[in-house]
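Chemist: Going down the list, the sequences are from chains A and X. Residue numbers 1 to 146, in the working numbering, belong to the letters of the first sequence in order. Residue numbers 1 to 332, in the working numbering, belong to the letters of the second sequence in order.
Honestly, the hints are just simulated from the structure, not real lab data. A few of these clues could be false.
[As the list claims (entries may be wrong)] Simulated pairs of lysine-lysine, DSS-like, Cα-Cα distance not exceeding 30 Å:
hint, chain 1, residue 1, chain 2, residue 2
1, X, 28, A, 78
2, X, 151, A, 120
3, A, 7, X, 242
4, X, 33, A, 78
5, X, 151, A, 16
[Stated by the list, open to error] Covered stretches of chain A (in silico footprint by chain X; criterion: 3 or more residues with CB under 8 Å from a CB of chain X, positions within the stretch not fixed):
hint, region
6, 6 to 12
7, 38 to 46
8, 71 to 78
9, 84 to 91
10, 103 to 110
Each residue gets a CB set at the ideal place from its N, CA and C atoms; glycine is no exception.
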Amino acid sequence: MSTQGYKETSKRIAPKKGSLSKALWAFVSGGVMGIIGQGLLTMYQQLLGLDAKAAAGPMVITVVFVTALLTGLGIYDKLAQKCGAGLFIPISGFANSLTSCAMEGRSEGPIYGIGSTMFKLAGSVLTYGIAAAYTLGLLRWVVSLL
Amino acid sequence: MKTLHFQSVFVGGCATAAGPMEAQGPLKDKIDKLFDDIYCEEKTYEQAERRLMSEACDHALRAQGLKTSDLDLILGGDLLNQLGTSHYFARDLDIPFIGLYGACSNSTLIAANAAMWLDSGHAERVLGLTSSHNATAERQFRYPNEYGVQKPETTTYTVTGAGAMIFQKEKTPIRLTQATLGRILDWQFTNPNDMGSAMAPAAFDTICRHFENTGTGFDDYDLIVTGDLSKIGRSMLIDLFKQKGMDPHDKLIDCGLLIYDREHQEVFAGGSGCACSAVVTIAYLFDLLRTKALHKIMVVATGALLSTVIVQQKESIPCIAHAVVYEGTVGE
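So that you can see chain X by itself, here it is in the shape it has in the complex (with noise of 0.2 Å):
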């Protein structure tokens, strides 16, 4: 498939929201509204993830001064069965909805799907949401939350957030350009505790097929921001590109890496989950684009499509990486 080609599409108002872990970490200044408690003020933890939602989409419908019967459609996706935190978000909102399951490259496959159908005029404004939560993500996918079982330094930490981007056709600073949209590789990988290495071809191939289709490479852009293979799959995406010929020098970074500090916090590989790319695109790199440090730059958010019933059937771990090209419009 081609990669397609938006001419206005711009990023309007965002905000994210996360939880305790994420507000210790090197974004915490840059994240609209933290909770110091897992439970987010809330009674259990699906509940909690829908409030970050809830937060994130309040504060970027009020960053621009909207109210929600100015949006013509919901994007939103998540990582529960039945997309549940989206989906029981949502009905509050009365607006036509759509939902999306790419597991974590849910940020640019809502933002690829977004700019489509403002693309084909169906739509002047589009709000995209996606979240996930540490604690629900564990007890679904992994082990019950206190369940005492060592975790490998290949496993990655589900970041607790969410993040609210409305896409529309009114100019603003961050135009969306261009987003290929990823197959589904599976190269019978089976350790859930290591989505980074399975994740990491996806990536791969999807870059790759953007370079071809766009006719550029590392050079044209100023990063290339993986969702969240973590500090495992990135080093596995570099020796990729190496063994092809191609040098991704620094302009390769994870998200999964920078939202947590590695250092002094007990995350292992690095951050993961849908709320890891949508955070740190919208807190920290769109922060970047507006204030002119970068001109451009492209978001591989990657995704393991696992299905834990089908995993313990002992089939491996299908994955997909979808990327959508951000630039800044000052200037122009």
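For reference, chain A alone in the conformation it holds in the complex (with noise of 0.2 Å):
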């Protein structure tokens, strides 16, 4: 039998993609998060006296610790996967992200375990969104010029 012919009996027999209550999962988590989100930026605001920019600070790191908790108790990924993209786009994947591979790197210790590893899946968001912040806002300042 030809490749061909083997990629169309796969194709014949794969489960369908993206079903729809994976799509509302993670569109009522996702919603969810911002509604915990939306809260947590109220009660900083009212408790601490904030602005709202000053409070989405505490906000962010509430919301990272957390994450970070749960990932450390084995309850984030069981989420992540009913879940899907509802936890993984707001801060909360980001915070996975660093706390799994640190956990990961545990066994080879702080410096060739923890510390390289940690940043082994963020690594990409990060080189890549502070490349895009430098390319935009250098491209807003030559707009400014204007």
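Two chains, two separate frames, one set of hints: put the complex together.
Modeler: What follows is the structure, given as structure tokens:
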């Protein structure tokens, strides 16, 4: 049989990708994350008397801390399997990638393990995030000169 | 290459060890040593895998009342880079050692090689060892264990376990009669989350060649058991046979579907890994041969020989499958 033949057979057998229920779970859980974030923001504004911009800091820290805690307890990956992009896209996805890599590196010690593997997955996000920020910042400055 | 025929290669003491997920599966009562903790009482996942291999080896030797010095040779293999588990375990045994890598096809690759050593007269008793661990495989081949990535339905769950088999010339209730070694096939599958589909053509090729070489077909075997194609790979294999005008009926089963209960355990398409076929063969199939529930079976362990680095360079996944025929000797 040809490669094409195998591929066609494989296509016929493969389960359908991206079901509606997965999309719904992601939509709802993403929305819930948004509500939690807004709730925390409002709470910090009222509790600490901060403006919205300043309250964003403690809000993000709280989400990152809770994600790291849930990752360490082995709960987060089960939630993420269910919620998909709902948890992956918010800052919780970033926090989980750092924590899970750090946990994985624990057996190789603080230098060769935790320190160097911590950014294994988040490294790309940081590299291109920073590169994009610089590029866009530069563009904005050039445009402002015109 | 021809199918190899062996006159006097027998399966002696065998044992299995497995982790917590397998301890909840349908074969839990047949596995010799179960751990309810993924670390298997050790400090790291790598040590845990070694502990599983050590337990399986220990139980297999004890089952037959042997010491390590009674062995002529050890053949071992696992999934880790540089065969980490096998090599670090075998350093304590003081017996000549050969490491074999066939990814998840290790159990039959090792059995076929052990048979060749015995058949050639260079060894009297050979120990075969293989293992896999869900956490060590995840961290080497996929993502960190606690990383929250959504896994697709086509993915498989690596079995945490180990199997040890002693092959010898002295007669026992199970004989290894034939082996067909696989050739590497690559049909340009690139999805590392669907190994079943990538490996099915390799299993198909090996089984077809074995049938041709020996003039047999599905009717000549009580069961033909693939290693870790799991649900999707098995469906694809059956489809390939039907396209060829052959109907496997219910004779074609897969170890990845036997070791877990997919209805109640979250294992996606089923089990995979070296330990998948090793544990199912030893704990389940050999038992059925000993009790005469089965007389002749073919085990076809399948392996995806991907390199994590080369796959990232946009290359596809080469696959292999080795077939070994076991027969019950009771009544002979």
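Chemist: Compare the structure with each hint and give your call.
Modeler: Taking the hints in turn, this is what the structure says about them:
no.	hint	in the structure
1	X:28 x A:78	24 Å, holds
2	X:151 x A:120	19 Å, holds
3	A:7 x X:242	16 Å, holds
4	X:33 x A:78	27 Å, holds
5	X:151 x A:16	14 Å, holds
6	6 to 12	holds (count 5)
7	38 to 46	violated (count 0)
8	71 to 78	holds (count 5)
9	84 to 91	holds (count 4)
10	103 to 110	holds (count 3)
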